[in-house]
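No gaps in the numbering here: position 157 of the sequence shown is 1374 in the working numbering, and each next residue is one more.
Just so you know, the hints here were simulated from the structure itself, not pulled from any lab data. Cβ coordinates follow ideal geometry from the N, Cα and C atoms, glycine included. Among the clues, some could well be false.
The following label-pair restraints were derived from C-beta to C-beta distances [claimed, not checked]:
id: 1; residue 1: Gln1229; residue 2: Asp1344; range: 41 to 51 Å
id: 2; residue 1: Thr1428; residue 2: Arg1355; range: 19 to 29 Å
id: 3; residue 1: Met1276; residue 2: Gly1357; range: 43 to 53 Å
id: 4; residue 1: Asp1227; residue 2: Val1347; range: 20 to 30 Å
id: 5; residue 1: Glu1310; residue 2: Gly1220; range: 24 to 34 Å
id: 6; residue 1: Asp1410; residue 2: Glu1325; range: 27 to 37 Å
For lysine to any residue, the following SDA-like pairs were computed, each having C-alpha atoms within a straight-line distance of at most 20 Å [unchecked claim]:
id: 7; residue 1: Lys1419; residue 2: Ala1307
id: 8; residue 1: Lys1435; residue 2: Arg1265
id: 9; residue 1: Lys1419; residue 2: Arg1372
id: 10; residue 1: Lys1419; residue 2: Val1432
id: 11; residue 1: Lys1419; residue 2: Phe1374
id: 12; residue 1: Lys1419; residue 2: Glu1359
id: 13; residue 1: Lys1331; residue 2: Pro1263
id: 14; residue 1: Lys1331; residue 2: Trp1398
id: 15; residue 1: Lys1331; residue 2: Ser1318
id: 16; residue 1: Lys1435; residue 2: Pro1423
id: 17; residue 1: Lys1331; residue 2: Val1347
id: 18; residue 1: Lys1435; residue 2: Trp1398
id: 19; residue 1: Lys1331; residue 2: Lys1435
id: 20; residue 1: Lys1319; residue 2: His1262
id: 21; residue 1: Lys1419; residue 2: Thr1370
id: 22; residue 1: Lys1435; residue 2: Arg1336
id: 23; residue 1: Lys1319; residue 2: Arg1236
id: 24; residue 1: Lys1331; residue 2: His1262
id: 25; residue 1: Lys1331; residue 2: Thr1290
id: 26; residue 1: Lys1331; residue 2: Lys1419
id: 27; residue 1: Lys1319; residue 2: Pro1423
id: 28; residue 1: Lys1435; residue 2: Asp1424
id: 29; residue 1: Lys1435; residue 2: Lys1319
id: 30; residue 1: Lys1319; residue 2: Pro1263
id: 31; residue 1: Lys1419; residue 2: Met1381
id: 32; residue 1: Lys1331; residue 2: Thr1370
id: 33; residue 1: Lys1435; residue 2: Ala1337
id: 34; residue 1: Lys1319; residue 2: Tyr1238
id: 35; residue 1: Lys1319; residue 2: Ser1230
id: 36; residue 1: Lys1331; residue 2: Thr1257
id: 37; residue 1: Lys1435; residue 2: Val1347
id: 38; residue 1: Lys1319; residue 2: Ile1231
id: 39; residue 1: Lys1435; residue 2: Glu1373
id: 40; residue 1: Lys1419; residue 2: Gly1349
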Amino acid sequence: MAGTILVVEDEQSIGALLRTYLERDGYQPVWVRSGEEALTELPRHPVRLVVLDIGLPGMDGFEVCRRIRAASTVPVIMLTARDEEVDRVAGLEVGADDYVSKPFSPRELVARVKAVLRRAEPDRSADVLVLGSVELSRQGREVRVDGESVELTTREFDLLEHLMGHPGVVLSREVLLDRVWGMSYPGETRTVDVHVGQLRRKLGRPDLIRTVRGVGYKAVRP
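Taking the hints into account, I'd like the entire structure generated from these sequences.
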């Protein structure tokens, strides 16, 4: 499968059509019909991208996007029945990555999904990640600091790889638990703090991983 896409759309015909086309391209759509459902389902699945309608019953798409962005870096494509600049600007200001006006071609929407994912996710073909004096080899699962090898546990390596693969991007503890430990991991977010502390100590570069108070962590260039 190409990954999970959360579709937030209250119109039966549009939601069903999007689900069909996403499934044809190998994605696993999770379709909900309200903003409240979207916020409930998002942490339950390894969602790669959210397709979010603005005109939802109850909580509108702008507020949903704002709440998603407060806790996650998952890409968001917003849908609206109106092609108005004020809506486009508002959507981008609350953190949307792209904007599609109704009516739209389902094929175009799927193409937009692929384009946003290419921009948002790191290039997995790049074997070596470098941040300052820290060098990480994905295939070799090796980490070196100033040319000297550093021994990391499996989780420490995976956590560092994810952070270095998104330099400058703030990643919440919940997102890191999802992407590094998996949704089935029973631990609390405190385990992320513990592993970050271990990484800082082993790498000898405490400033490489910066704490963003109340949100999470980000890898920073020296």
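Review point. Checked against the structure, which of the hints given earlier come out wrong?
Key: 4, 6, 7, 10, 14, 17, 19, 20, 26, 27, 29, 30, 32 and 36
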